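Protein chains: 2
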Amino acid sequence: MTPSVSSKVGLIGLGAMGSGMAASLRRAGFEVYVFDVRREVAEKFSKEGGYACSSVAELGALCDVVVSVVVNAAQTEDVLFGPRGDGTGCADTMRAGSVFVMCSTVDPNWSVALEARLEKLGLLYVDAPISGGAAKAASGEMTMMTAAKPDAYAKCEAILDAMAGKVYKLGDHAGAGSKVKIINQLLAGVHIAAAAEAMALGLREGVNPEALYEVITHSAGNSWMFENRMAHVLAADYTPLSAVDIFVKDLGLVLDLARASKFPLPLSSTAHQMFMQASTAGFAKEDDSAVIKIFPGIELPHAKK
Amino acid sequence: MTPSVSSKVGLIGLGAMGSGMAASLRRAGFEVYVFDVRREVAEKFSKEGGYACSSVAELGALCDVVVSVVVNAAQTEDVLFGPRGDGTGCADTMRAGSVFVMCSTVDPNWSVALEARLEKLGLLYVDAPISGGAAKAASGEMTMMTAAKPDAYAKCEAILDAMAGKVYKLGDHAGAGSKVKIINQLLAGVHIAAAAEAMALGLREGVNPEALYEVITHSAGNSWMFENRMAHVLAADYTPLSAVDIFVKDLGLVLDLARASKFPLPLSSTAHQMFMQASTAGFAKEDDSAVIKIFPGIELPHAKK
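Chains A and B supply the protein sequences, listed in that same order. With the first letter of the first sequence counted as 1, position 225 gets the number 225 in the numbering used here; the numbers rise by one all the way through. Take any residue in the second sequence, note its place counting from 1, add 305, and you have its number in the numbering used here.
Derived from the structure by calculation, the hints contain no laboratory data. From a predicted model like this one, the values you see are computed outputs, not experimental measurements. Glycine included, C-beta positions come from ideal geometry on N, C-alpha and C. Incorrect hints may appear among the rest.
Using 16 Å as the maximum straight-line C-alpha spacing, the simulated EDC-like pairs for lysine to aspartate or glutamate come out as follows [what the hints assert, rightly or not]:
| hint | chain 1 | residue 1 | chain 2 | residue 2 |
| --- | --- | --- | --- | --- |
| 1 | B | Lys474 | A | Asp245 |
| 2 | A | Lys136 | A | Asp151 |
| 3 | A | Lys169 | B | Glu519 |
| 4 | B | Lys313 | B | Glu336 |
| 5 | A | Lys285 | A | Asp245 |
| 6 | A | Lys169 | B | Glu336 |
| 7 | B | Lys471 | A | Glu48 |
| 8 | B | Lys441 | B | Asp477 |
| 9 | A | Lys166 | B | Glu519 |
| 10 | B | Lys474 | A | Asp172 |
Listed below are several chain A residues computed to face chain B (Cβ distance under 8 Å; list not exhaustive) [claimed, not checked]:
| hint | residue |
| --- | --- |
| 11 | Val167 |
| 12 | Leu170 |
| 13 | His173 |
| 14 | Lys179 |
| 15 | Ala198 |
| 16 | Glu205 |
| 17 | Trp224 |
| 18 | Phe226 |
| 19 | Leu255 |
| 20 | Ala258 |
Using the sequences and the hints, build the whole thing.
See the structure below:
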């Protein structure tokens with residue numbers, strides 16, 4: 001794939017997803033400029049063939065397309081406008097007509113407003129939450145749920161394609177990307193909590209958990225999350241691939257979105273309560289499947305020796 | 306497959322599942338005796354090569370293995386012991402050592418008790434709920450979730466294999482078959498309601514429902530039920546393959562089971578409320594995906610012309 005406009009790309013946030021995305025961009029032939037608050041992580045990437053920037057402002061001045069892969073809206077605000085909007089962000093140095101690609105999971109109404117705020121600065125915007133996990137990010141096979149104005153897409157199409165196996169284009173302005181991502185998180189969160197509730201009932205009733213897993217994963221009760229997360233419970237491995245507190249946050253975003261239009265979400269609010277119970281009971285940083293630990297009166301599977 | 310003990314099998318209840326199972330047994334070479342309260346349905350089956358009985362008592366006297374495919378525990382009681390236990394049931398005529406195969410979705414504690422009640426009459430019992438839908442029942446590819454004593458399995462193994470593509474053996478006495486089936490219904494019911502909640506939020510937020518379906522069915526938020534039932538919503542086709550009231554019943558059984566051991570099920574109870582709301586709002590006999598009609602302030606997809 002030939003880079004369309006500029007071969008320089010900036011990427012901010014070299015976490016589990018961002019580091020894989022930066023590597024995918026480099027493999028595709030882009031000059032990749034990176035920034036991470038952990039200076040050593042950016043230096044490591046530069047040794048592998050990228051360029052480490054010492055600030056987001058430096059990165060913004062160098063790149064026509066900036067991809068932001070930070071944790072949430074608050075960090076995105078810091079990246080764009082500096083802490084407390086002090087003018088040290090990348091939006092303060094990006095040239096007019098440059099594109100900001102926002103990959104975090106955020107309140108869609110905030111994303112819609114951000115497009116307008118950046119437009120006032122002469123900047124283009126892509127609402128582009130990502131999905132698929134670290135392994136797929138590293139191999140360039142992750143999914144992007146995007147929405148943007150045609151001008152913005154035109155300037156970064158090749159960059160999006162280099163990072164993702166599938167780029168869904170869901171609208172001609174910001175919003176639908178974040179909305180679809182939020183709805184995916186609604187289902188993911190409810191399904192993890194439901195999987196835990198089902199497995200917990202099985203344990204309470206003395207059903208063999210391995211047999212239950214085998215039957216359910218071949219039946220109409222299956223979900224992507226049941227199959228994935230209940231394997232962690234059977235292995236008694238609560239090493240966080242994604243932590244309980246991520247769903248405290250993401251189901252919170254789901255409920256915030258719905259509350260803005262006074263829309264009832266009975267299952268999402270129930271699942272949110274379950275994750276908050278797990279978090280405050282001491283499992284905040286464990287794998288999200290640890291939500292099963294809120295159920296009383298059961299003995300969970302032990303790790304195989 | 307060679308019939309193991311007797312080539313005669315009785316099957317009671319020629320509904321969507323039972324009629325397919327009876328046909329599978331006949332194809333496998335068994336002499337199949339059937340009973341249905343709708344006399345004409347049994348007569349039709351007899352013309353295709355089976356034998357119609359005029360009562361469950363007659364059927365019980367003729368067959369060493371009786372497969373019951375009625376709607377619930379109350380109908381199973383009638384089949385076994387006659388209405389109000391008046392002695393006109395098949396248990397009243399079955400020979401000692403015969404096997405009763407119970408395929409309904411029931412309270413597992415009732416199924417456990419039934420095994421003991423039949424044992425007192427000298428009858429064997431297989432706890433054998435079924436899953437997979439009418440098409441798979443007709444082709445002999447459905448799933449059975451079974452538990453039984455070894456003596457009972459020994460007498461009907463070939464019969465179970467003739468009806469199902471997969472026979473899960475989950476325990477050496479009654480209970481685990483019905484428990485796993487109930488847990489599958491927990492997940493199925495919660496997932497249908499969650500799919501409806503997610504699609505409803507998408508419609509509220511102005512997301513294109515076809516695009517949302519496409520993304521979710523390729524993402525970690527997917528479930529077997531989302532993929533299957535939201536296709537009905539997109540087509541605006543609420544023809545009941547399985548009705549709202551089935552989940553009023555089945556999630557009721559889930560909650561009954563858990564209540565017996567004072568076990569909390571936050572999501573199941575919330576989903577049960579949603580199906581009851583849909584039922585009483587007028588959608589009881591519509592497809593279970595009609596649970597989406599409880600959500601206010603949205604316009605559902607219309608049928609394509």
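To see whether the hints hold, each was checked on the structure:
no.	hint	verdict
1	B:Lys474 with A:Asp245	violated (38 Å)
2	A:Lys136 with A:Asp151	violated (28 Å)
3	A:Lys169 with B:Glu519	holds (11 Å)
4	B:Lys313 with B:Glu336	holds (5 Å)
5	A:Lys285 with A:Asp245	holds (7 Å)
6	A:Lys169 with B:Glu336	violated (58 Å)
7	B:Lys471 with A:Glu48	violated (52 Å)
8	B:Lys441 with B:Asp477	violated (26 Å)
9	A:Lys166 with B:Glu519	holds (12 Å)
10	B:Lys474 with A:Asp172	violated (53 Å)
11	Val167	violated (11 Å)
12	Leu170	holds (5 Å)
13	His173	violated (11 Å)
14	Lys179	holds (5 Å)
15	Ala198	holds (5 Å)
16	Glu205	holds (5 Å)
17	Trp224	holds (5 Å)
18	Phe226	holds (7 Å)
19	Leu255	violated (10 Å)
20	Ala258	holds (6 Å)
Hints 1, 2, 6, 7, 8, 10, 11, 13, 19, counting from the list given before, are not met by this structure.
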